[in-house]
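A.B. asks: Work out the full structure, taking the sequences as your base and the hints as a guide.
In terms of our numbering, the sequence shown opens at residue 1 and continues consecutively.
Treat the hints with caution; some may be incorrect.
Distance ranges between label pairs, derived from CB positions [what the hints assert, rightly or not]:
#1 3 x 64: 32 to 42 Å
#2 37 x 3: 23 to 33 Å
#3 30 x 56: 39 to 49 Å
#4 57 x 5: 13 to 23 Å
#5 6 x 61: 14 to 24 Å
#6 4 x 29: 27 to 37 Å
#7 74 x 52: 27 to 37 Å
#8 37 x 64: 38 to 48 Å
#9 54 x 102: 46 to 56 Å
#10 92 x 64: 41 to 51 Å
#11 70 x 6: 28 to 38 Å
#12 54 x 11: 19 to 29 Å
#13 51 x 97: 47 to 57 Å
#14 80 x 51: 35 to 45 Å
Derived from the structure by calculation, the hints contain no laboratory data. As the structure is a prediction and not an experimental result, all values here were calculated from the model. Don't be surprised by glycine CBs; every beta carbon is placed ideally from N, CA and C.
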Amino acid sequence: MATLNEKESRDFVSQVIVIVDQNASLLTDAGFDPTARSGGLKTKLQSADDAEGAQNKAQAAALDATKLANSTLKVAYNDASAFVNLIEGLLGKDNSLVHKLRQLRK
1 MATLNEKESR
11 DFVSQVIVIV
21 DQNASLLTDA
31 GFDPTARSGG
41 LKTKLQSADD
51 AEGAQNKAQA
61 AALDATKLAN
71 STLKVAYNDA
81 SAFVNLIEGL
91 LGKDNSLVHK
101 LRQLRK
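C.D. replies: Here it is, written out as structure tokens:
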């Protein structure tokens with residue numbers, strides 16, 4: 001069995017369904033009714049499509065959450081930086097506390 005990627009696997013299942021449905025009478029004449037098996041494949045393919053849709057929504061939500069996390073962290077970082085600048089303004093840039101706070105960025 002060859003290793004197929006997701007798109008190739010999905011196409012394979014779709015093509016099997018189409019070809020079997022187109023040739024149902026041939027299979028029925030040979031003593032096999034493909035209706036139930038083909039219907040099962042259709043249901044499984046629909047489930048796979050639904051799961052992929054949910055996956056795409058989850059990926060989009062994860063991207064949005066990452067953007068939000070990054071932007072809120074930037075706001076917090078900028079506020080902390082401004083706080084250090086305020087302390088420096090109060091105590092002077094040569095103060096030991098100011099030096100300690102400035103070293104945190106390194």
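A.B. asks: Are the hints correct? Go through all of them and say.
C.D. replies: Now the hints, each set against the structure:
Checked against the hint of 32 to 42 Å, the pair residue 3 and residue 64 passes, with Cβ atoms roughly 33 Å apart. For the pair residue 37 and residue 3, the supplied restraint of 23 to 33 Å holds, since their beta-carbon distance comes to about 24 Å. For the pair residue 30 and residue 56, the supplied restraint of 39 to 49 Å holds, since their beta-carbon distance comes to about 41 Å. One distance hint, 13 to 23 Å for the beta-carbon pair residue 57 and residue 5, holds here, with the actual separation near 21 Å.
Between residue 6 and residue 61 the CB atoms are about 20 Å apart, so this pair conforms to the stated range of 14 to 24 Å. Separated by about 31 Å at the C-beta atoms, residue 4 and residue 29 satisfy the suggested range of 27 to 37 Å. A hinted range of 27 to 37 Å for the beta carbons of residue 74 and residue 52 is consistent with their spacing of about 33 Å. Range check, residue 37 to residue 64: Cβ separation about 41 Å, and the 38 to 48 Å hint holds.
With their beta carbons about 47 Å apart, residue 54 and residue 102 fall inside the hinted range of 46 to 56 Å. Between residue 92 and residue 64 the CB atoms are about 43 Å apart, so this pair conforms to the stated range of 41 to 51 Å. Residue 70 and residue 6 have their C-beta atoms about 29 Å apart, which keeps the hinted 28 to 38 Å range intact. Between residue 54 and residue 11, the C-beta spacing of about 21 Å keeps the proposed range 19 to 29 Å intact.
The beta-carbon spacing between residue 51 and residue 97, approximately 55 Å, falls within the hinted interval of 47 to 57 Å. Look at residue 80 against residue 51: about 42 Å separates their beta carbons, and that is inside 35 to 45 Å.
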